[in-house]
Amino acid sequence: SAYVPTNVISITDGQIYLESELFNAGQRPAINVGISVSRVGGDAQTKAMKQVAGGLRLDLAQFRSLAAFAQFGSNLDKSTQQQLDRGLRLTELLKQPQYKPLTLAEQVVLTFAGTRGMLDRIPVDRLRQWKDEFLRTYNTQYASLAATVETGEKMSDETIAQLTEAIKSFSDAFMPVVAAH
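Read in order, the letters of the sequence shown are residues 2 to 182 in our numbering.
If you're looking for bench data, these hints aren't it; they were derived computationally from the structure.
Don't be surprised by glycine CBs; every beta carbon is placed ideally from N, CA and C.
One or more of the hints may lead you astray.
As the list claims (entries may be wrong) - Only pairs whose alpha carbons sit at most 30 Å apart, straight line, appear in this in silico DSBU-like list of lysine-lysine:
| no. | residue 1 | residue 2 |
| --- | --- | --- |
| 1 | K155 | K48 |
| 2 | K155 | K51 |
| 3 | K48 | K169 |
As the list claims (entries may be wrong) - What follows is a set of in silico ranges between Cβ atoms, one per label pair, in the way DEER data are often shown:
| no. | residue 1 | residue 2 | range |
| --- | --- | --- | --- |
| 4 | A69 | E151 | 32 to 40 Å |
| 5 | L59 | Q82 | 16 to 24 Å |
| 6 | T152 | P102 | 36 to 44 Å |
| 7 | N25 | S66 | 16 to 24 Å |
| 8 | A144 | K48 | 17 to 25 Å |
| 9 | R137 | S21 | 32 to 40 Å |
| 10 | L59 | K96 | 13 to 21 Å |
| 11 | S80 | Q16 | 26 to 34 Å |
| 12 | S66 | Q142 | 33 to 41 Å |
| 13 | N25 | E166 | 23 to 31 Å |
| 14 | Q72 | E151 | 34 to 42 Å |
| 15 | R137 | Q72 | 35 to 43 Å |
| 16 | T141 | F70 | 36 to 44 Å |
| 17 | D133 | L89 | 14 to 22 Å |
The whole structure should be built from the sequences, with the hints applied where relevant.
Here it is as structure tokens:
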């Protein structure tokens, strides 16, 4: 009886489902993570990325489901609206300009900030600016922290605290700039 599910998993493993709807919305690659299948995914990640991205796939799948549902009604409760808003931010956060790949440390820190709700107060239309300016600051003023994260090892409580403080400090300084525009 275990033979059939194993064979089905083997047949479908590595199937990536692309959607033109996601592509047209600016998401590249336009992979629908909710229905794509991979057993390898987590094994190919560093410990640091696993640590911060654990629930990212589920969060994005739930966001897409909620977004489709939300089109039919306008009265959303606060919790649902927050989930939709965070999903929009996560989607925006994952976008990278062509020919400008992010380092592992940059990917980890941005995923950390997004999945922990640290960007919930940043307007979605200003997130790209926040990301660009934060990464410049992170790579210069927090170079030793970036080097620690770049090792790919699981982050210590101390590293997490430093990262949290760096993001919070930058965001606090960034918000008055956003309000002024």
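>> Assuming the hint says 13 to 21 Å, is it satisfied by the Cβ distance from L59 to K96 or not?
In response: Holds, at about 20 Å.
>> Run the distance test for K155 versus K51: straight-line Cα separation, threshold 30 Å.
In response: The hint holds at about 8 Å.
>> A range of 36 to 44 Å was offered for this pair. Does it hold for the Cβ distance of T152 and P102?
In response: violated, 18 Å
>> For the hint 14 to 22 Å, verify it against the beta carbon of D133 and that of L89.
In response: 18 Å Cβ-Cβ, so the 14 to 22 Å window holds.
> Given a hinted range of 36 to 44 Å, is it respected by the beta-carbon distance of T141 and F70?
Replying inline: holds, 43 Å
> Given the hinted pair K48 and K169, is their alpha-carbon gap at most 30 Å?
Replying inline: Answer holds: K48 to K169 is near 23 Å, not above 30 Å.
> Does K155 pair with K48 here, judged by a C-alpha cut-off of 30 Å?
Replying inline: holds, 5 Å
> CB of R137 to CB of S21, is that within 32 to 40 Å?
Replying inline: holds, 34 Å
> Between Q72 and E151, is the Cβ distance one that fits in 34 to 42 Å?
Replying inline: With Cβ atoms ~41 Å apart, the hint holds.
> Honestly, do N25 and S66 meet the 16 to 24 Å range at C-beta?
Replying inline: With Cβ atoms ~19 Å apart, the hint holds.
> How does the Cβ-Cβ distance of N25 and E166 compare with 23 to 31 Å: does it lie in that range?
Replying inline: violated, 39 Å
>> A range of 17 to 25 Å was offered for this pair. Does it hold for the Cβ distance of A144 and K48?
In response: holds, 21 Å
In the structure shown, a violation is registered for the earlier hints numbered 6 and 13, in ascending order.
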